[in-house]
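Asks: One line per chain: the protein sequences are B and E, in this order.
Residue 1 is where the first sequence starts when you use our numbering, and the numbers rise one by one after that.
Residue 1001 is where the second sequence starts when you use our numbering, and the numbers rise one by one after that.
Just so you know, the hints here were simulated from the structure itself, not pulled from any lab data.
We put the beta carbon where it would ideally sit given N, CA and C, even for glycine.
Keeping only pairs whose Cα atoms sit at most 25 Å apart, straight-line, the calculated SDA-like set for lysine to any residue is:
1) Lys1047(E) x Val14(B)
2) Lys1213(E) x Leu49(B)
3) Lys27(B) x Thr1006(E)
4) Lys1144(E) x Thr1033(E)
5) Lys28(B) x Trp1049(E)
One side of the interface only, derived from the structure: several residues of chain E facing chain B at Cβ under 8 Å:
6) Ala1007
7) Ala1012
8) Thr1014
9) Arg1224
10) Arg1228
11) Pro1231
12) Thr1240
13) Thr1274
14) Asp1284
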Amino acid sequence: MLYAILCYHDEDFVGSWSKEQDEAVMKKLAVVQEKLTSQGRLGPVARLLPTTAAATLRKEDPPLVLDGPYAETKEQLLGFYIVDCKNLDEALDVARDLGAANPGGAYEVRPVGVFRPGGNLT
Amino acid sequence: MSEADTAWIETALTSARPQAVGALLRYFRDLDTAEEAFQNACLRALKTWPQNGPPRDPAAWLIMVGRNVAIDEVRRTRRQQPLPEDDQAISDLDDAEGALAERLDGSHYRDDILRLMFICCHPQLPATQQIALALRIVSGLTVKQIARAFLVSDAAMEQRITRAKAKVAEAGTPFEAPGAVERSERLAGVAAMIYLIFNEGYSASGDTAEIRKPLCEEAIRLARLLLRLFPSEPEIMGLTALILLQHARSAARFAGDGTLILLDDQDRSLWNGTMIAEGLALIDKAMRHRRSGPYQIQAAIAALHARASTPEETDWAQIDLLYGALEVVQPSPVVTLNRAVAVSKVRGPQAALDLIEPLAPKLANYFHFYGVRGAFLMQLGRNDEARIAFDRAIALANTSAEAAHIRMHLDRLIRDSQPKAKGA
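Just chain B, same shape as in the assembly:
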């Protein structure tokens, strides 16, 4: 079984880390990741850019684009995509296409800061 592990934390708090603190945390995480990699168990790893860089597409008709992250609590996170796009508009176009195929709910479109594709898992 594949498991997705989703990372939650207070953005203000993490944003207040000094560069050294941030690097120290990443280094400790890398140790855990390397172990998983050597066992062939680690898929993609992504660190997202701050929520200030996000836009949200509400899958209404017509779809509505709002600035900022998805802030509602009544819906749940059901899945995610990683798509290579030239810019935000292109990413929103992809989200619109997906939304047309599956209306209702919303997509938060957030740029990825760090991406490691990881091994091929099946």
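Since the structure of chain B is provided, determine the placement of chain E on it from the hints.
Replies: Showing chain E alone in chain B's frame:
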């Protein structure tokens, strides 16, 4: 308490500070009382958090504890004085914390932080006092840290901050919730103040760049905070993008000996890719609003530089157009001077020189004017005139790095004007 515990708590206190001090200021209506209350709450946090674990909402915890401690203080010192309403000291913090967090609804929280930032950019305060005050009361840097970043003594900085606070107190703080126009004016003032903080760090010379870097980082943190409060303001997106894109180049801006390296000569592999990605994403977002402004235009210019993987790939024609747009919204001879650099790349040095000649009277004491003019003259082969311009630039240089940079041009001129063997 282990060092890791203390570091964790300090980070939590730093990140909660703007919200907590902002709320305490609204409650006490006095900056010194608010700061003292926050300080006391922090001391309590250092005592109890390691044992009890972190509160779910550190800002709410600090606001409540700060309020209670200050009220106790009032009760002790002025027994006759009536207490503020709502003076029930709450003993079980964990239960009450959630309720208080509920009461700190979004708009209050937003205006609290905006007010705290806004009182620092009072028009009567000179820029350096605005910055110092913001770093002290919004960011919570110590006087020592700020003094270090400004390269002045602790005593001088203490005095500067005390003076700034006195002026703020005299001017009176606007406590009523702002209307839409008032709010957008405050927002513009705060944005300008954040950009001042950034520039204070960014305009450092090579030998002090490392010491002043925290100013740039703090400006980025404040800009992101402001953008989270006002997520749909394209100019705040532009400001955040602008300073991220500029700061992304910091590792490439100075040579080992502290001399400034110009954009064209920077090792672009040293640029911070993540910061650039964030900056570009923010510009993309801002552009969708079709409400242009000076920060967005400057960020768009910085973005064109960031997108070019080599100097040759830079889209100078677009940069020329963007500077043209900036001249319309924010006319200034300095903007025209910057535009001239783009013009020289697109239409050659003569067109660029023609553009800046009329600026001479206005920029007669401006270092960059003579540096840029000298460079255009040099490109045109008018070496004697170039040398005069460079000499003038050196005389006007503000930092040793600026002077050293022009001297490099001069050396090149002298070298090039000497007879050379063919093919050398």
